[in-house]
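**Q** Next come the chains, spelled out residue by residue.
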Amino acid sequence: MAAPRYIAEPAETLAVARLDGLCALFHEPSGATHIVAPPAPEILDALREGAADAATLLERLAARFEVEDEAGADAIAARLAELEAAGLVRRA
Amino acid sequence: MRHQVSLRIGPVGFRVGSAWRAPVAALAALYAGYPAPEDGIADFTVRLEPTRPWRRWTRPSIAIRGDFELPDAAPMALAHGLLAAEMGMNLQMALGQRFWLLLHAATVEKDGRALILTGESGAGKSTLAALLGERGWRLMGDEFALLDPASGRLHAFPRAISLKNGAIDVMAAEVDAARFGPLLEGTPKGAIRHLRPNAEAIRRMDEPARPALLLFPRFGQAAAARAVGQAETFMRLTQASTNYVALGRAGFDALTRLVATPAAAIDYPDTATALDLVEALWTGASEWRAAA
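Each protein sequence line maps, in turn, to chains A and B.
Heads up: the first sequence begins at 1 in the numbering used here, then just goes up one per residue.
Heads up: the second sequence begins at 1001 in the numbering used here, then just goes up one per residue.
The shape of chain B in the complex, shown without the other chains:
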């Protein structure tokens, strides 16, 4: 490819190539401070190519290509090139990852223990994880949690946080503007702006953590929390995993082990309430562990 960048996010190396300079330059700026892949070898390759050769110049339109592809993925505008690169990286993980059990979840860590937030898109897990990551927790990732089937530990995958619409202003009030990527307006999900995790999240991205609490947040309801049983947790997590079926027995063993972690569903009307609920449940889970 004419332009390319290689970087490592947690244990996974990526090489992103592009027919245009802009998406690669934006990606390199957003991921400033990230290491190169181990031994220079990327696990996954993403290519951003013109949908037709001449469309590199005239009304450029990006097709996301790579080791793994969705045949019917819609092309994207060059103005959203950074988003295309991010989506391409997600796609390689979701379709190609065969080592880690992948959970569509945000993860933060404290004292070597991990809090896992998982739920439907729009449940607010990215925003909550981003805020927790600035308030005494280490951000491990806002998109995918990597569960090691052998050890049962979670590994960090601290990609840039994908903030949407109202969450952009919430985080702009919280962190240095230099950590933000460009504002991408008019995407299929509205306005999107990427936020680089803080220096601690990047520096400690090779430190795994033991799962300690699973939360299923839901935005837009009066504050409430209820314990979730193991069978329901198991079913929710099979739905939250992109590669549970592909992993076979290893995936089953990893998930049935993970559901021994205390779990709760939380409803919240605003982020301040959610953060209070999270801290209270975390304290409760710590006391429960101490008593057990």
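So that you can see chain A by itself, here it is in the shape it has in the complex:
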């Protein structure tokens, strides 16, 4: 089975505020507020380039940031599942 591909909620539906190391997100369609830690905001940004699975997303993130060795595709897949549960990304 192919790895699931995700797309992010459009940027205009999310208000973002940096709070020290964390990030508060307000999702207008649901009215819900989320507090997320890195790399969740970076994942949302990278997903806006187009639908991607965890491996593709990892390549995009690695091109922008110094990605630590242990942050493999599995870790990205776990973050994507969390963001999906929060309603901030969905399956493409």
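Hints are computed from structural coordinates only; laboratory data are not their basis.
You may find that some hints are simply not true.
Facing chain A, from chain B, some residues (calculated, C-beta under 7 Å) [as the list claims (entries may be wrong)]:
#, residue
1, 1231
2, 1234
3, 1250
4, 1252
Every residue gets a Cβ at the ideal spot worked out from N, C-alpha and C, and that includes glycine.
Position chain B against the provided structure of chain A, taking the given hints into account.
**A** Chain B alone, transformed into the frame defined by chain A:
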């Protein structure tokens, strides 16, 4: 209603009606010197009614009614009628306020800057704000802070201060007895006595202030203070707000702006220690602002 009183507290007008004379008379006495609502129009109405028609006379029992109601609110004894009126006013604000972001917090002001005290019930914010309000600060309110989402400024809501148990004697030693309401014993929170804010707090209640320092006090611990980061402050304030969710995006923007204010959690064993901590942190925040 047979008896009623209208008054304005900060920007909010109330009309309180009652089937009995006593609660309205007590409220009017407690709020002596407060203005009437703008243009005579109240934002919220509270009604104190008998739970059953015949109970106006026999063992009278009060139901709190109004524009917004809690279906399962327990009726109260007529002897606690003033408390019922106060609770009714709180309830209208907590359930119905859609303009200001409401924070369950006490606020005092100095030099146009606001100190916000917020914490669990029993943290001592009312007592601290009441004392500060008699010692060089202007009391803006002990129950709700009104944050204007557009300007980021705080507006005063100087309701009568609800003093509980030991705090009653603390303030009795500090202020003129004429400013107190009746002693209400045997309420669900123990003994309660309301204190009218001083003349300056009432006279200046239309003056807003810029948030300058946020404190999260906790009573009953050895004296300590620690800085609180923005994310923790944000989470604490969403919990302290009664209408954050209802305000939607405006609430989010207002709170994320407010959390740029320096914040600290303070523990204190007694009020004298708390007042010293507050003054020291206030001076520190002023120096931090000057350096920034």
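**Q** So, residue 1250/B near chain A? Judge it on the closest CB pair being under 7 Å.
**A** 10 Å, violated
**Q** Close enough to count: is the Cβ of residue 1252/B nearer than 7 Å to one in chain A?
**A** The hint holds - residue 1252/B has a Cβ within 7 Å of chain A, the shortest such distance being about 4 Å.
**Q** Does the CB of residue 1234/B sit less than 7 Å away from some CB of chain A?
**A** 6 Å, holds
**Q** Can we keep the residue 1231/B interface hint, with Cβ of chain A closer than 7 Å?
**A** Where the cut-off is 7 Å and the nearest Cβ of chain A is about 4 Å from residue 1231/B, the hint holds.
When each numbered hint is compared with the structure, a violation occurs for hint 3 only.
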